[in-house]
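In the order they appear, the protein sequences are chains A and B.
Just remember that my numbering sits 8 ahead of the position in the first sequence, which is counted from 1.
Just remember that my numbering sits 8 ahead of the position in the second sequence, which is counted from 1.
None of these hints come from the bench; they were simulated from the model.
From a predicted model like this one, the values you see are computed outputs, not experimental measurements.
A hint or two may mislead.
Unchecked claim - Quick look at which bits of chain A chain B covers, simulated, 3 or more residues with Cβ under 8 Å:
| # | region |
| --- | --- |
| 1 | 27-34 |
| 2 | 90-102 |
| 3 | 113-122 |
| 4 | 188-195 |
| 5 | 309-320 |
| 6 | 387-400 |
Unchecked claim - Sample of chain B residues at the chain A side, in silico, Cβ under 10 Å:
| # | residue |
| --- | --- |
| 7 | Ser-41 |
| 8 | Glu-269 |
| 9 | Thr-353 |
Glycine residues also receive a C-beta, built at the ideal position from the N, C-alpha and C atoms.
Number of protein chains: 2
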Amino acid sequence: MRTFRSLISVDEALRTIDEHIRPVDGAETVGLSEALGRVLSEDIVAGFDVPRRDRSAMDGYAVKAGDIARASTSKPARLRLVGSVAIGQVPTVRVSAGECASVSTGCFMPKGADAVVMHENTDLNDSTVTFYKPVYSGENVSAKGSDVKQGSTPLHKGDVLTPAKVGVLASLGKAEVNVFEKPQIAIVPTGAEIKKVGSSIEEAEIYDINSHTLAAVVEENGGIPVVSDVIPDERDRLLGAIEANRKCDLTVIAGGSSVGERDLMYDVLSKRGEVLFHGVQIRPGKPTICAVIDGKILLGMPGHPTSCLSNAYIFLMPMTRKLARLPERRLTTVKAKLSRRVVSTLGRKVFMTVRIRDGEAEPVFKESSAITSMADADGYIVIPENVDTMEKGDEVEVLLFY
Amino acid sequence: MRTFRSLISVDEALRTIDEHIRPVDGAETVGLSEALGRVLSEDIVAGFDVPRRDRSAMDGYAVKAGDIARASTSKPARLRLVGSVAIGQVPTVRVSAGECASVSTGCFMPKGADAVVMHENTDLNDSTVTFYKPVYSGENVSAKGSDVKQGSTPLHKGDVLTPAKVGVLASLGKAEVNVFEKPQIAIVPTGAEIKKVGSSIEEAEIYDINSHTLAAVVEENGGIPVVSDVIPDERDRLLGAIEANRKCDLTVIAGGSSVGERDLMYDVLSKRGEVLFHGVQIRPGKPTICAVIDGKILLGMPGHPTSCLSNAYIFLMPMTRKLARLPERRLTTVKAKLSRRVVSTLGRKVFMTVRIRDGEAEPVFKESSAITSMADADGYIVIPENVDTMEKGDEVEVLLFY
Chain A
9 MRTFRSLISV
19 DEALRTIDEH
29 IRPVDGAETV
39 GLSEALGRVL
49 SEDIVAGFDV
59 PRRDRSAMDG
69 YAVKAGDIAR
79 ASTSKPARLR
89 LVGSVAIGQV
99 PTVRVSAGEC
109 ASVSTGCFMP
119 KGADAVVMHE
129 NTDLNDSTVT
139 FYKPVYSGEN
149 VSAKGSDVKQ
159 GSTPLHKGDV
169 LTPAKVGVLA
179 SLGKAEVNVF
189 EKPQIAIVPT
199 GAEIKKVGSS
209 IEEAEIYDIN
219 SHTLAAVVEE
229 NGGIPVVSDV
239 IPDERDRLLG
249 AIEANRKCDL
259 TVIAGGSSVG
269 ERDLMYDVLS
279 KRGEVLFHGV
289 QIRPGKPTIC
299 AVIDGKILLG
309 MPGHPTSCLS
319 NAYIFLMPMT
329 RKLARLPERR
339 LTTVKAKLSR
349 RVVSTLGRKV
359 FMTVRIRDGE
369 AEPVFKESSA
379 ITSMADADGY
389 IVIPENVDTM
399 EKGDEVEVLL
409 FY
Chain B
9 MRTFRSLISV
19 DEALRTIDEH
29 IRPVDGAETV
39 GLSEALGRVL
49 SEDIVAGFDV
59 PRRDRSAMDG
69 YAVKAGDIAR
79 ASTSKPARLR
89 LVGSVAIGQV
99 PTVRVSAGEC
109 ASVSTGCFMP
119 KGADAVVMHE
129 NTDLNDSTVT
139 FYKPVYSGEN
149 VSAKGSDVKQ
159 GSTPLHKGDV
169 LTPAKVGVLA
179 SLGKAEVNVF
189 EKPQIAIVPT
199 GAEIKKVGSS
209 IEEAEIYDIN
219 SHTLAAVVEE
229 NGGIPVVSDV
239 IPDERDRLLG
249 AIEANRKCDL
259 TVIAGGSSVG
269 ERDLMYDVLS
279 KRGEVLFHGV
289 QIRPGKPTIC
299 AVIDGKILLG
309 MPGHPTSCLS
319 NAYIFLMPMT
329 RKLARLPERR
339 LTTVKAKLSR
349 RVVSTLGRKV
359 FMTVRIRDGE
369 AEPVFKESSA
379 ITSMADADGY
389 IVIPENVDTM
399 EKGDEVEVLL
409 FY
């Protein structure tokens, strides 16, 4: 009979994994409308100034600030209106001493003017504009290059493209951008009794749940799930599936990771590569195995749907994000009070799913084979290894699934 | 000269908008691999029990619990091994008094047995298995229907499909599922000087930023952006763009929402429909207009890229999510100390973008025309209407963009 030799702590497992994950290196070109959430694989250098010349930031009059330096309500200054600047066109009008020109928001400043006064603070009579207070040189002017300077690097390799960063690319006229490829994550469901959704099944067979939940977690975290057919628990078939997915950045195998008769992962992986750990001090999810084959990492997940999915949150999510070069994901947390006493397992970190009702965290875990242990939950609490019991009313931090 | 009549508070604006948003009603059928993040448009009723019959939750021996009720280390119980159950098959073996059968995790329980004892707690000699402690009836058995009961409703109309809920659909063999359509959000960039990214521009023209940033916010929040060509500031063209997008669930127009000469939105909207508000007590983003036309809401955003995008976070994000029937999005927050004094604007809520450096929140706002005011930021802080100045070192809550 096989057994787990010694269990590794969750933190140690995460550290071990982290040492063996190499972020994707390949890049691809995508259109700007596909760029959101992707990671830049190049520095973006501005080919021109934004704005290209000084622009008015207001609707008003472009003036020489010096001309109205002593303007006040009791002694207003008066300037002659000599023309206006059309939006989208290089100004032909020029402002000399004693003159002003009409400008609108975003238009280039006419030569000679260095400030803009809002319409609201002026009066116009025939061709004379009256000003009641001074402006400083540069007031209400967006200076050439003040948003992005020509030759500067407003975006850097490794930046995640948020809406605002997509906006910077647009301001520079970039219709396409080079980004890192999304990591390809192979997902291999295993088990003689498991059948693909959509096929017809016998009474004692069950539908494949794990490849769908794992694919969803991969997708949510910037990876591309590459889901294979269901593989029976046979050494050759498992090895075949591993080899077939060697081009992927990570392979995740669901099922067969424990120590029973049908659990072949340890044998297969220890022969083909190096097992980094087998058995983690976590509940559910203890029978988790991690190996390196030809320099690439492979994760063997327990087949029980809730063990598999809770481990996906604990291990697969950070792995996928690191491969994808995305920052750590912080699940949203809320504080709540436990609705009832829970008894934990000393020496195991417990991932306990809860539903939030009226500010109370209500445990909904049934058993690790039940997917509703996860699906009925709003999130989970983590009970540390050294905690045995938590009492009704204890404050807990719930990590939300959405 | 036009002016804002009276400004509305942000909270009032949000309430007003909320009253006029009707979540999408149309539904569509998607494959399970496209279901993540979508919203169920139907209750899911289980067509069969999961599991279909009692199953073993362990590798071990199926027994009648009564047979080993008095087993102990000093007085172990011995049962005759009468066979084993193959995974994925309906058991042919039957357990009678004094007998046990070998089972593996997930296989159906043989008739007659009501509990499973883990291998680890037994010894096998020839065809006799020795048991050292009792089990209760039902121990290590996943009861028929304990995950999902036939005829029950494990998922409900309106549920957002998380990875775990996708797993429930899989457990029921659903290859397809009915979900609400994503709302279509028309985005209309306006301005004579604005040109599409990818086209060639004259020196005094600028690239369209807003339709890209707005589309990104719509996409991040479950909507489908329907981006139109850039429309010049002309009444007929604006009206034409509004009519052309009447089939969309929401129309957002970027630019022309203020009170200058080129700001035609108020005129166009007040003639065609009912203006709900014009001018919001927020900075940047004051010149925002909201109207109802034929019962559908329309949002006019300021053209300055940072005003437009910050308002997208404040207004367009909750609007899109409500249309899409998604729950409110809580941006992740972190606490930080202000790196320097900031002077706010009394009577306006200020959306101040900040970068986080060494635990300090460093304001990065330049001006509302500069997209880098947003792109250089990690997030933003909200300074309430009644706060004039915040001091260096004051603790602030930063809402993160990622």
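Tell me if Thr-353 of chain B is really an interface residue toward chain A, meaning its C-beta lies closer than 10 Å to one of theirs. At 16 Å from the nearest chain A Cβ, Thr-353 of chain B fails the 10 Å test, so the hint is violated.
Coverage of the region 188-195 of chain A by chain B, judged on three or more residues with CB within 8 Å: violated (count 0)
For the region 387-400 of chain A, does the count of residues with a C-beta closer than 8 Å to a C-beta of chain B reach 3? This one is violated; 0 residues, fewer than the three required, reach chain B with a Cβ under 8 Å.
Does Ser-41 of chain B meet its interface restraint, that is, does its C-beta lie within less than 10 Å of any C-beta in chain A? holds, 7 Å
Do three or more residues from the region 113-122 of chain A put their C-beta atoms closer than 8 Å to C-beta atoms of chain B? holds (count 4)
Holds or violated: the hint that Glu-269 of chain B contacts chain A, with Cβ atoms closer than 10 Å. OK, holds: Glu-269 of chain B within 10 Å of chain A, min 6 Å.
At least three residues with a C-beta closer than 8 Å to a C-beta of chain B: is that true for the region 90-102 of chain A? Since 4 is at least three, the answer is holds.
Annotated coverage of the region 27-34 of chain A by chain B, confirmed only when three residues or more have a Cβ within 8 Å: violated (count 0)
Assertion that chain B covers the region 309-320 of chain A - criterion: three or more residues, beta-carbon distance below 8 Å: Holds, because 5 residues of the region 309-320 of chain A bring their Cβ atoms closer than 8 Å to Cβ atoms of chain B.
The structure fails hints 1, 4, 6, 9 (numbered hints given earlier, in ascending order).
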